[in-house]
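Colleague: Sequence:
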Amino acid sequence: MTLIDTHSHLYCEEFDSDREEAVSRAREAGISRLLLPAIDSLTHERLFDMCRRNRDLCLPMMGLHPTSVNDLPDWRGELDTVERYLETPPDGIDRFCAIGEIGLDFYWSQEFKQEQMEAFRRQIELSLRYGLPIAVHTREAWNTTAEIVRQYRGRGLKGVFHAFSDSVERYRELKESGDFVFGIGGVVTFKKSNVAEVVREMSLDDIVLETDCPYLTPAPFRGRRNESAYVVYVCRKIAELKGVDEAEVARRTTMNAERMFEL
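Each residue of the sequence shown is one higher than the one before, starting from -7 at the first, in our numbering.
Quick caveat, the hints were computed from the structure, so don't treat them as lab data.
For every residue, glycine included, the Cβ atom is placed at its ideal position computed from N, Cα and C.
Fair warning: there could be bad hints in the mix.
Capping the alpha-carbon separation at 30 Å, the derived lysine-lysine pairs in DSS-like fashion look like this [claimed, not checked]: (1) K150 / K105; (2) K184 / K234; (3) K167 / K105; (4) K167 / K150; (5) K167 / K183; (6) K234 / K150; (7) K167 / K234; (8) K167 / K184.
So the derived label-pair ranges between C-beta atoms look like this [what the hints assert, rightly or not]: (9) R192 / D41: 38 to 44 Å; (10) D63 / E189: 20 to 26 Å; (11) Q102 / T73: 22 to 28 Å; (12) E254 / E132: 27 to 33 Å.
Please model the entire structure based on the sequences and the hints provided.
Modeller: The structure is reproduced here in C-alpha coordinates:
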(Lines of atoms letter the chains of each structure in order from A and count residues from 1; the text may use other names and numbers.)
(Lines give C-alpha, C1' and ligand atoms only; values in the text may rest on other atoms or scores of the structure.)
Protein backbone atom coordinates (compact mmCIF):
# COMPACT_ATOMS: atom_id res chain seq x y z
CA MET A 1 0.00 0.00 0.00
CA THR A 2 1.56 3.29 -1.14
CA LEU A 3 0.66 6.59 0.54
CA ILE A 4 1.61 10.24 0.09
CA ASP A 5 1.66 12.77 2.92
CA THR A 6 0.82 15.94 1.03
CA HIS A 7 1.47 18.28 3.96
CA SER A 8 4.31 17.56 6.39
CA HIS A 9 6.53 19.85 8.46
CA LEU A 10 8.99 17.10 9.33
CA TYR A 11 11.81 19.60 8.91
CA CYS A 12 10.67 21.68 11.90
CA GLU A 13 12.50 21.80 15.23
CA GLU A 14 10.06 19.41 16.90
CA PHE A 15 11.88 16.61 15.05
CA ASP A 16 15.46 17.70 15.73
CA SER A 17 16.06 14.82 18.15
CA ASP A 18 14.76 12.01 15.92
CA ARG A 19 14.18 13.26 12.39
CA GLU A 20 15.93 10.39 10.66
CA GLU A 21 13.99 7.89 12.74
CA ALA A 22 10.74 9.65 11.81
CA VAL A 23 11.73 9.47 8.14
CA SER A 24 12.44 5.75 8.53
CA ARG A 25 9.05 5.19 10.17
CA ALA A 26 7.38 7.01 7.28
CA ARG A 27 9.14 4.83 4.73
CA GLU A 28 8.20 1.69 6.69
CA ALA A 29 4.57 2.84 6.70
CA GLY A 30 4.57 2.81 2.89
CA ILE A 31 4.87 6.54 2.30
CA SER A 32 6.44 7.18 -1.08
CA ARG A 33 6.46 10.98 -0.95
CA LEU A 34 6.48 13.73 1.65
CA LEU A 35 5.43 17.15 0.39
CA LEU A 36 6.92 19.87 2.58
CA PRO A 37 5.30 23.34 2.62
CA ALA A 38 7.44 26.39 3.25
CA ILE A 39 6.68 28.80 6.08
CA ASP A 40 9.06 31.75 5.70
CA SER A 41 12.76 32.52 5.31
CA LEU A 42 13.48 31.64 8.95
CA THR A 43 12.96 27.96 8.12
CA HIS A 44 13.97 27.75 4.44
CA GLU A 45 17.36 26.20 5.13
CA ARG A 46 15.80 23.51 7.30
CA LEU A 47 13.36 22.73 4.49
CA PHE A 48 16.02 22.64 1.80
CA ASP A 49 18.39 20.56 3.90
CA MET A 50 15.79 17.87 4.48
CA CYS A 51 14.93 17.73 0.79
CA ARG A 52 18.61 17.46 -0.18
CA ARG A 53 19.16 14.63 2.30
CA ASN A 54 16.08 12.71 1.13
CA ARG A 55 15.83 13.49 -2.57
CA ASP A 56 13.83 10.34 -3.37
CA LEU A 57 11.23 11.08 -0.69
CA CYS A 58 10.85 14.81 -0.01
CA LEU A 59 9.63 17.56 -2.32
CA PRO A 60 9.47 21.20 -1.19
CA MET A 61 6.84 23.83 -1.75
CA MET A 62 7.64 27.53 -1.71
CA GLY A 63 5.41 30.20 -0.24
CA LEU A 64 4.76 32.56 2.66
CA HIS A 65 2.49 31.34 5.47
CA PRO A 66 -0.28 33.82 6.37
CA THR A 67 0.74 34.06 10.03
CA SER A 68 4.24 35.03 8.91
CA VAL A 69 2.62 38.07 7.29
CA ASN A 70 1.51 39.00 10.80
CA ASP A 71 4.86 38.27 12.42
CA LEU A 72 7.43 39.59 9.95
CA PRO A 73 7.51 43.35 9.25
CA ASP A 74 9.27 42.79 5.92
CA TRP A 75 6.65 40.37 4.62
CA ARG A 76 6.74 41.94 1.16
CA GLY A 77 10.48 41.23 1.09
CA GLU A 78 9.59 37.66 2.03
CA LEU A 79 7.33 37.49 -1.02
CA ASP A 80 10.22 38.74 -3.16
CA THR A 81 12.26 35.82 -1.81
CA VAL A 82 9.48 33.40 -2.70
CA GLU A 83 9.42 34.75 -6.25
CA ARG A 84 13.21 34.59 -6.55
CA TYR A 85 13.29 30.93 -5.48
CA LEU A 86 10.48 30.04 -7.87
CA GLU A 87 12.46 31.61 -10.68
CA THR A 88 15.75 29.97 -9.65
CA PRO A 89 15.57 27.15 -7.09
CA PRO A 90 18.53 26.95 -4.68
CA ASP A 91 21.37 24.48 -5.23
CA GLY A 92 20.30 20.89 -4.72
CA ILE A 93 16.60 21.63 -5.20
CA ASP A 94 15.31 20.50 -8.58
CA ARG A 95 11.88 22.07 -8.38
CA PHE A 96 9.03 23.13 -6.15
CA CYS A 97 5.86 21.04 -6.33
CA ALA A 98 3.48 23.83 -5.23
CA ILE A 99 3.18 27.33 -3.90
CA GLY A 100 2.45 26.89 -0.24
CA GLU A 101 1.52 27.11 2.28
CA ILE A 102 -0.36 30.29 1.58
CA GLY A 103 -3.77 31.61 2.47
CA LEU A 104 -5.59 33.42 5.26
CA ASP A 105 -5.53 32.98 9.04
CA PHE A 106 -7.69 35.36 11.04
CA TYR A 107 -7.65 33.22 14.19
CA TRP A 108 -4.70 34.83 15.94
CA SER A 109 -5.32 38.42 14.89
CA GLN A 110 -7.80 40.53 12.97
CA GLU A 111 -5.21 43.27 12.51
CA PHE A 112 -3.50 42.01 9.35
CA LYS A 113 -6.43 41.02 7.15
CA GLN A 114 -5.60 43.35 4.27
CA GLU A 115 -1.93 42.40 4.31
CA GLN A 116 -2.75 38.69 4.29
CA MET A 117 -5.19 39.16 1.42
CA GLU A 118 -2.55 41.05 -0.58
CA ALA A 119 0.00 38.27 0.04
CA PHE A 120 -2.53 35.58 -0.88
CA ARG A 121 -3.45 37.27 -4.17
CA ARG A 122 0.18 37.87 -5.10
CA GLN A 123 1.03 34.22 -4.55
CA ILE A 124 -2.02 33.06 -6.52
CA GLU A 125 -0.73 35.16 -9.39
CA LEU A 126 2.66 33.45 -9.04
CA SER A 127 0.95 30.06 -9.21
CA LEU A 128 -0.70 31.03 -12.48
CA ARG A 129 2.58 32.36 -13.87
CA TYR A 130 4.53 29.21 -13.01
CA GLY A 131 1.73 26.71 -13.59
CA LEU A 132 1.94 25.38 -10.04
CA PRO A 133 -0.83 24.33 -7.65
CA ILE A 134 -1.43 26.27 -4.46
CA ALA A 135 -1.59 24.75 -0.98
CA VAL A 136 -4.12 26.86 0.91
CA HIS A 137 -4.18 27.33 4.68
CA THR A 138 -7.48 28.73 5.97
CA ARG A 139 -8.44 29.37 9.58
CA GLU A 140 -11.42 31.47 10.65
CA ALA A 141 -11.43 32.88 7.10
CA TRP A 142 -13.39 30.52 4.86
CA ASN A 143 -15.78 33.15 3.49
CA THR A 144 -12.96 35.48 2.46
CA THR A 145 -10.86 32.61 1.08
CA ALA A 146 -13.75 31.39 -1.06
CA GLU A 147 -14.46 34.91 -2.29
CA ILE A 148 -10.86 35.47 -3.39
CA VAL A 149 -10.57 32.06 -5.06
CA ARG A 150 -13.85 32.65 -6.89
CA GLN A 151 -12.33 35.74 -8.52
CA TYR A 152 -9.86 33.48 -10.38
CA ARG A 153 -12.48 31.12 -11.76
CA GLY A 154 -11.76 30.16 -15.35
CA ARG A 155 -8.07 31.12 -15.19
CA GLY A 156 -6.68 27.64 -14.55
CA LEU A 157 -6.18 27.94 -10.80
CA LYS A 158 -5.53 24.58 -9.13
CA GLY A 159 -4.40 23.23 -5.80
CA VAL A 160 -5.29 21.74 -2.45
CA PHE A 161 -7.25 23.15 0.45
CA HIS A 162 -5.05 21.98 3.28
CA ALA A 163 -6.76 20.73 6.46
CA PHE A 164 -10.20 21.24 4.95
CA SER A 165 -12.63 21.88 7.77
CA ASP A 166 -15.68 23.60 6.33
CA SER A 167 -19.04 22.30 5.11
CA VAL A 168 -20.20 20.07 2.27
CA GLU A 169 -21.67 23.17 0.66
CA ARG A 170 -18.28 24.93 0.80
CA TYR A 171 -16.59 21.87 -0.69
CA ARG A 172 -18.98 21.97 -3.63
CA GLU A 173 -18.61 25.73 -4.02
CA LEU A 174 -14.82 25.55 -4.11
CA LYS A 175 -14.92 22.70 -6.62
CA GLU A 176 -16.68 25.06 -9.03
CA SER A 177 -13.93 27.69 -8.71
CA GLY A 178 -11.02 25.64 -10.07
CA ASP A 179 -9.24 22.29 -10.13
CA PHE A 180 -9.05 21.58 -6.41
CA VAL A 181 -8.51 18.65 -4.10
CA PHE A 182 -8.99 18.67 -0.35
CA GLY A 183 -6.43 17.70 2.27
CA ILE A 184 -7.82 15.47 4.99
CA GLY A 185 -5.73 14.80 8.09
CA GLY A 186 -5.94 13.72 11.70
CA VAL A 187 -9.03 15.76 12.56
CA VAL A 188 -11.14 13.23 10.63
CA THR A 189 -10.33 10.65 13.34
CA PHE A 190 -11.56 12.80 16.24
CA LYS A 191 -14.77 11.93 18.05
CA LYS A 192 -17.69 14.11 16.90
CA SER A 193 -15.58 15.38 13.99
CA ASN A 194 -17.51 17.56 11.55
CA VAL A 195 -14.83 16.72 8.98
CA ALA A 196 -15.85 13.06 9.15
CA GLU A 197 -19.39 13.94 8.16
CA VAL A 198 -18.14 16.01 5.22
CA VAL A 199 -15.81 13.23 4.05
CA ARG A 200 -18.79 10.88 3.81
CA GLU A 201 -20.18 13.19 1.11
CA MET A 202 -16.92 13.84 -0.76
CA SER A 203 -15.72 11.94 -3.79
CA LEU A 204 -12.54 9.96 -3.26
CA ASP A 205 -11.29 11.63 -6.43
CA ASP A 206 -11.25 14.93 -4.51
CA ILE A 207 -9.28 13.80 -1.44
CA VAL A 208 -5.56 13.78 -0.66
CA LEU A 209 -4.06 12.58 2.62
CA GLU A 210 -1.97 14.71 4.94
CA THR A 211 -0.70 14.94 8.50
CA ASP A 212 0.35 18.58 9.01
CA CYS A 213 2.85 17.09 11.44
CA PRO A 214 3.81 17.91 14.13
CA TYR A 215 0.24 19.22 14.53
CA LEU A 216 -3.28 17.69 14.36
CA THR A 217 -2.28 14.23 15.56
CA PRO A 218 -4.86 11.54 14.74
CA ALA A 219 -6.41 9.14 17.20
CA PRO A 220 -5.12 7.02 18.89
CA PHE A 221 -2.13 9.34 19.40
CA ARG A 222 -4.03 12.59 19.95
CA GLY A 223 -2.23 14.82 22.43
CA ARG A 224 1.20 13.68 21.25
CA ARG A 225 3.44 14.95 18.47
CA ASN A 226 2.17 14.02 15.03
CA GLU A 227 4.45 12.53 12.36
CA SER A 228 4.13 11.52 8.73
CA ALA A 229 3.92 7.78 9.47
CA TYR A 230 0.54 8.45 11.12
CA VAL A 231 -1.06 9.21 7.76
CA VAL A 232 -2.00 5.52 7.73
CA TYR A 233 -4.57 6.25 10.46
CA VAL A 234 -6.12 8.94 8.29
CA CYS A 235 -6.33 6.49 5.41
CA ARG A 236 -7.93 3.88 7.67
CA LYS A 237 -10.58 6.30 8.95
CA ILE A 238 -11.51 7.49 5.47
CA ALA A 239 -11.88 3.88 4.36
CA GLU A 240 -14.24 3.28 7.28
CA LEU A 241 -16.30 6.39 6.47
CA LYS A 242 -16.52 5.57 2.76
CA GLY A 243 -17.11 1.85 3.23
CA VAL A 244 -14.18 0.78 1.04
CA ASP A 245 -10.87 -1.01 1.57
CA GLU A 246 -7.88 0.95 2.89
CA ALA A 247 -5.97 -0.11 -0.21
CA GLU A 248 -8.56 1.60 -2.41
CA VAL A 249 -8.31 4.83 -0.43
CA ALA A 250 -4.52 4.65 -0.66
CA ARG A 251 -4.63 4.02 -4.41
CA ARG A 252 -7.10 6.79 -5.21
CA THR A 253 -5.62 9.46 -2.93
CA THR A 254 -2.13 8.68 -4.19
CA MET A 255 -3.32 9.06 -7.77
CA ASN A 256 -4.95 12.38 -6.86
CA ALA A 257 -1.72 13.68 -5.33
CA GLU A 258 0.39 12.45 -8.24
CA ARG A 259 -1.87 14.24 -10.69
CA MET A 260 -2.14 17.52 -8.78
CA PHE A 261 1.54 17.84 -7.91
CA GLU A 262 2.90 16.16 -11.07
CA LEU A 263 4.79 13.53 -9.10
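Colleague: Each hint: holds or not?
Modeller: These are the hints, each one checked on the structure:
no. : hint                    : result
1   : K150 / K105             : 23 Å, holds
2   : K184 / K234             : 17 Å, holds
3   : K167 / K105             : 24 Å, holds
4   : K167 / K150             : 10 Å, holds
5   : K167 / K183             : 27 Å, holds
6   : K234 / K150             : 25 Å, holds
7   : K167 / K234             : 20 Å, holds
8   : K167 / K184             : 25 Å, holds
9   : R192 / D41: 38 to 44 Å  : 40 Å, holds
10  : D63 / E189: 20 to 26 Å  : 34 Å, violated
11  : Q102 / T73: 22 to 28 Å  : 26 Å, holds
12  : E254 / E132: 27 to 33 Å : 32 Å, holds
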